[in-house]
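Residue numbers (the numbering used here), protein chains in the order written: chain A, 1 to 516; chain B, 1 to 332.
Quick caveat, the hints were computed from the structure, so don't treat them as lab data.
Mixed in with the good hints, there may be bad ones.
SDA-like, lysine to any residue: derived pairs with alpha carbons at most 25 angstroms apart [stated by the list, open to error]:
#: 1; chain 1: B; residue 1: Lys321; chain 2: B; residue 2: Gly132
#: 2; chain 1: B; residue 1: Lys328; chain 2: B; residue 2: Asp292
#: 3; chain 1: B; residue 1: Lys328; chain 2: B; residue 2: Thr270
#: 4; chain 1: A; residue 1: Lys20; chain 2: A; residue 2: Ile283
#: 5; chain 1: A; residue 1: Lys366; chain 2: B; residue 2: Ile66
#: 6; chain 1: B; residue 1: Lys165; chain 2: A; residue 2: His341
#: 7; chain 1: B; residue 1: Lys165; chain 2: A; residue 2: Glu331
#: 8; chain 1: B; residue 1: Lys201; chain 2: A; residue 2: Glu331
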Amino acid sequence: MATSAATTTERERGMSETLKREQYLDLYYFMQLNRQLEERMVRLFRQNKIVGGLYSSLGQEAVSVGTCSALEKRDWIAPMIRNIGALLVKGVPPRDIFTQHMAKFTSPTKGKDGTSHFGDLKVRHIVSPISMLGDLIPVMTGVAMAGRYLGQNIVALTWIGDGGSSTGAFHEGLGLAAAQKAPFVLIVENNQWAYSTPVSRQVPVKNLADRAVGYGIASTIVDGNDVVAVYQATKKAVAECRAGRGPHLIEVKTMRMRGHAQHDPAEYVPKEMFEYWKARDPIVLFEKYLTENKIWDEKVKSEIDARIERELDVEQKFAEDSPMPPPEFAEEGVYCENGCHQIEAQWQRSKAEVMPPKSSFDPGWKLEDLGKLGEIPGAKEVAASGGNGAKTGGPEFNGPQKQHSTPNLPAQSFVPAPARAPEAEREPAQSVAAVEAVEPAEPRIPFGRGPKDKAFRESPDNPQNKTYGRGGAPGKSFQKAPPEKVFHKSGPNKSFGKNQPGKNFSKGPQDKSGRR
Amino acid sequence: MATTAIPKPGAITMVEAIRQAMVEEMERDASVVAIGEDIGVYGGAFKVTDGMLAKFGRERVIETPIAETAIIGAACGMSFLGLRPVCEMQFIDFIACCFNQVTNFVAKSHYLWDAPVPIVIRGPSGGGVHGGPFHSANPEMYFVHTPGLKVIYPSTPSDAKGLLKSAIRDNNPVLFFEHKYLYRRLKEEMPEGDYTVPIGKAAIRRQGRDLTIISYAAMAHTAMEAAEELAKEGIDAEVIDLRTLLPLDKETIVASVKKTNKLLIVHEDTRTGGIAGEIAAIVCEEAFEDLDGPIERVTALDTPVPYSPPLEEHFLPNTAKVVAAARKLAKF
Chain A
1 MATSAATTTE RERGMSETLK REQYLDLYYF MQLNRQLEER MVRLFRQNKI VGGLYSSLGQ
61 EAVSVGTCSA LEKRDWIAPM IRNIGALLVK GVPPRDIFTQ HMAKFTSPTK GKDGTSHFGD
121 LKVRHIVSPI SMLGDLIPVM TGVAMAGRYL GQNIVALTWI GDGGSSTGAF HEGLGLAAAQ
181 KAPFVLIVEN NQWAYSTPVS RQVPVKNLAD RAVGYGIAST IVDGNDVVAV YQATKKAVAE
241 CRAGRGPHLI EVKTMRMRGH AQHDPAEYVP KEMFEYWKAR DPIVLFEKYL TENKIWDEKV
301 KSEIDARIER ELDVEQKFAE DSPMPPPEFA EEGVYCENGC HQIEAQWQRS KAEVMPPKSS
361 FDPGWKLEDL GKLGEIPGAK EVAASGGNGA KTGGPEFNGP QKQHSTPNLP AQSFVPAPAR
421 APEAEREPAQ SVAAVEAVEP AEPRIPFGRG PKDKAFRESP DNPQNKTYGR GGAPGKSFQK
481 APPEKVFHKS GPNKSFGKNQ PGKNFSKGPQ DKSGRR
Chain B
1 MATTAIPKPG AITMVEAIRQ AMVEEMERDA SVVAIGEDIG VYGGAFKVTD GMLAKFGRER
61 VIETPIAETA IIGAACGMSF LGLRPVCEMQ FIDFIACCFN QVTNFVAKSH YLWDAPVPIV
121 IRGPSGGGVH GGPFHSANPE MYFVHTPGLK VIYPSTPSDA KGLLKSAIRD NNPVLFFEHK
181 YLYRRLKEEM PEGDYTVPIG KAAIRRQGRD LTIISYAAMA HTAMEAAEEL AKEGIDAEVI
241 DLRTLLPLDK ETIVASVKKT NKLLIVHEDT RTGGIAGEIA AIVCEEAFED LDGPIERVTA
301 LDTPVPYSPP LEEHFLPNTA KVVAAARKLA KF
């Protein structure tokens, strides 16, 4: 990785798909469009033309654009506030972003909500976010499950910040997605800050992707300022999801280059941190890469830039000239009524498969559903490992876990997590170090960086220095069969009627079985 | 009453009626699926979904981890692709765990971004069975106060079946409260064929001239018992069973008050912020001139639901309390 030429070679070697020139230029176009659109909105905000808050994705454009570019038209996304770029890739015109922020009647929500809070069920397959973080994870799990049920072979993808990864909805949603093996990709956008709180004060693990192990799902860590790496990691995850291998969590390491929102000067961020990440600006790095690899020249760049300016001029003017909504419009649309929507699922499989008698099923648990009896670790062994059944984290993950004993378990069980695949496709055990020594498993940073970056490149903090791994799946653990609870049938003996002798309802503690 | 005094051979309980509604809808429409905790092999804590897994398979009877937010979130996501999930809360008390999903995601989607959420959230509610403070709740008013939702709380098996079918076919998110005290304590014969009961229509359970008693769910039966008691004293009470709390059947309420000129509202929910206050406001707005006395209410106390039987009985409204309030009102 000493020169950009070497990185290119490595990349090509590790890649399943080489990008076409047009794809490279599209990535640039959308990242630059994303940035210029948001820069214009900052000016509009200062002119008081933006009604509410304005959130910036400056420095994170590669995440939105790289991830969403890896999806197909049929796939579904749900953006967060810093994923304007993903909306653009999905085909949302910039005027929708302008009008949303300016609360105009011409906006997708006609002024009922702002920012990226809008969706499109029919054409672009976008689910609107709400401000409560994490809630999109169970919702997109449901989208993924429904797509599978209908035979659509779609993948659902959403983003969550490092901050939002602490919510209960994150856990509940990812737990269900994992249990259901839903075709769901979660991009954990680690931009180092949850409002004013740094990651280190929120999360006691080194990599947010380490959490994937706990859900038994695959995971990947990728440099979020490297749009090609983000694209390729997502592409691979999406392909695995579509193949039925269950959810995939991708942690993208990046940096929020502005405050939480426009009102926030982010004085709590150390200056050195901004400087460090500014030198790694995703657009500047990509421009350099395109030039060094002769994918474009100055003329092409200026053509794209001019096109963006032209388009944004038109779109911004449309938004500024648009009317505000009429006040009484506030009363409309609380309910779906009077035929305002025809709700019809798009079946891509035979309905007969899910209808009786075909759907009929022997509902009992079988022993193979519950794991192999021989795999239950004895209580003694659990105690010996400190009650912490699996070792997580990469080679840098030191600390108490290092003292794990590995009683009665094959050695490869304790290969650090990033080298592990989900149960079904786990590769032969190899230490991370060994993998590194032979050949990088996946593309490295594709950009030649200046000497300034040498320390970062070689440091273990560089996400690219981690094996491009997946979270390990837990061994099938023994689960107890559903307890044979006796359900007290509080017999339907009492009839409801006035002419019955005595009281209509005998009070008694009858209907309580099943409490938990 | 729609019920019969002596159960006929085909009479079924409310649990069975709810199950029939779900099974019939799932047979009719492949987009209807069930999702919840322990609803498969076990058939649900109260056996409402008993047998459904065997009939419809794991793709349509989806057993989840203990994660109410995941249940509602996933159902919401499924509905965006045109499915109609019926979610079970093992006890409706646990809907508090997914309050955010229900009130912020599910309820607001259609208004904000034109995305209908045709899901049903159903579960056992209510007290009187000594379930204690976390298995006896009547949390309906949190949701009646949430624009975008519909809230149903039936009192008879046939209403439960017909209303649940309406709820499943409705394009809006519907909360369907099932009073667990009524689950197996009454039996009723179902009307023939594929029938529905309209959402938003109250039922007049007893015609009367002297005063109106409005109630719903288990308390509708208490109101009926009270009306029988009052009849012995020559007080002729009209009893209205709301059946749907949101949207509220204002026409039936106001028409009855205009007829009897006196109003007593009975609910098992706690007093402050209960639906009695809302009904009283509507009647004051629309029938103030017709009132011959103050609007009275008999409700549960403003406390959590206590566990011990003497405490819970003290907490809940009962026939005697309703009769006493009605007597007082009749004197005006």
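*Looking back at the numbered hints, which does the structure fail to meet, lowest number first?*
7
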